[in-house]
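Asks: Each chain, letter by letter, is given below.
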Amino acid sequence: MKFLEADLIKVDVVVESAEEAIQEAGNLLLNANLIEKDYVDAMINSYRKNGAYFVLAPQIAIPHARPEDGVNEASVSFVKLKEPINFGNEMNDPVQLVFGLGASNSDEHLALLRKLTTLLNNSNNVDVLRNAKGYEDIKKLF
Amino acid sequence: MIKVLTVCGLGQGTSLILKMNVEQVLGEKGIQADVEHTDVSSASSMQADYIITSKELAESLQDHSAKVFIVNNYFDMDEINKAIDENMVG
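Just so you know, the sequences run in chain order A and B.
Residues 1 to 142 in the working numbering are what the first sequence lists, from first letter to last.
Residues 1001 to 1090 in the working numbering are what the second sequence lists, from first letter to last.
I should point out that these hints are in silico values taken from the structure, not numbers from a laboratory.
Please read these numbers as outputs of a predicted model, since none were measured by experiment.
Don't take each hint at face value.
Computed list of chain A residues with no C-beta within reach of chain B, every gap over 12 Å [said to hold, decoys possible]:
hint, residue
1, A32
2, V55
3, E90
4, L116
Which bits of chain B does chain A cover? Going by a derived footprint, with three or more residues having C-beta under 8 Å, they are [what the hints assert, rightly or not]:
hint, stretch
5, 1005 to 1017
6, 1029 to 1038
7, 1055 to 1069
Every residue, glycine too, gets a C-beta built ideally from N, C-alpha and C.
So here's chain A without its partners, still in its complex pose (with noise of 0.2 Å):
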């Protein structure tokens, strides 16, 4: 389970569309062999197929995939967007922090999601993120 390590994290990262934020969110994870690039692929049709769904809260996005699609191990990323972006979600857009989830089907899965609803839960947290200048300033939340 790799949950926000620092090869995990970008901050302020230029982006033209949602799509892109997405492509850089997956990247984190493949760069780190936690997924394979046919998952990235698979978050971004997921997005194309099924809209903006996962913009689950004001500003905050967390693009995935199914297990199937790619999966070494479960993990977390987080791109902050140097601007917002528009992901077509009618409540919550813009979008600044992009969470890149790599689904697993194991029992990591259920406690990667609890740490990251756990973090998120909490707004003070999510203030932090959104001035984050870089690993140091996330990594005092955990």
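Given chain A, work out where chain B should sit, using these hints.
Replies: Below, chain B without anything else, positioned relative to chain A:
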């Protein structure tokens, strides 16, 4: 036992997060319920008393026999609390 479905596009991540927070709120209220998470296409053929989902997906579940209601911010316990009060209690 009351049956609640939390629903998202794939049934993997988002609906599980909502399930955790819904279970917590129901627990605090002392409401006994069986909460299950699933994807939007499976949900249409599942029996339930209530379905909780996002605005985006609620539209495709309109024909379901369950009462469908919306949560916009899955991390806002106050909103989840209020939605449950308005739709499930009394």
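Asks: All hints are to be evaluated individually against the structure, with a verdict given for each.
Replies: Hints, one by one, checked against the model:
Remark: the non-interface label on A32 of chain A is consistent with the geometry, its nearest Cβ contact in chain B lying 19 Å away (cut-off 12 Å). With a closest Cβ-Cβ approach of about 8 Å to chain B, V55 of chain A is found to fall inside the 12 Å limit, against its non-interface label. The claim that E90 of chain A is not at the interface with chain B is violated, since a C-beta of that chain comes within 12 Å of its own (minimum 6 Å). For L116 of chain A, the requirement that its beta carbon stay farther than 12 Å from each beta carbon of chain B is not met, with the minimum near 7 Å.
With 8 residues carrying a beta carbon less than 8 Å from a beta carbon of chain A, the stretch 1005 to 1017 of chain B meets the three-residue requirement, and the given coverage holds. A stretch counts as covered by a chain when three or more of its residues have a beta carbon under 8 Å from one of that chain; for the stretch 1029 to 1038 of chain B and chain A the count is 0, and the coverage is violated. For the stretch 1055 to 1069 of chain B, the stated coverage by chain A holds: 3 residues have a C-beta nearer than 8 Å to a C-beta of that chain, and at least 3 were required.
Going through the hint list in order, the structure does not satisfy hints 2, 3, 4 and 6.
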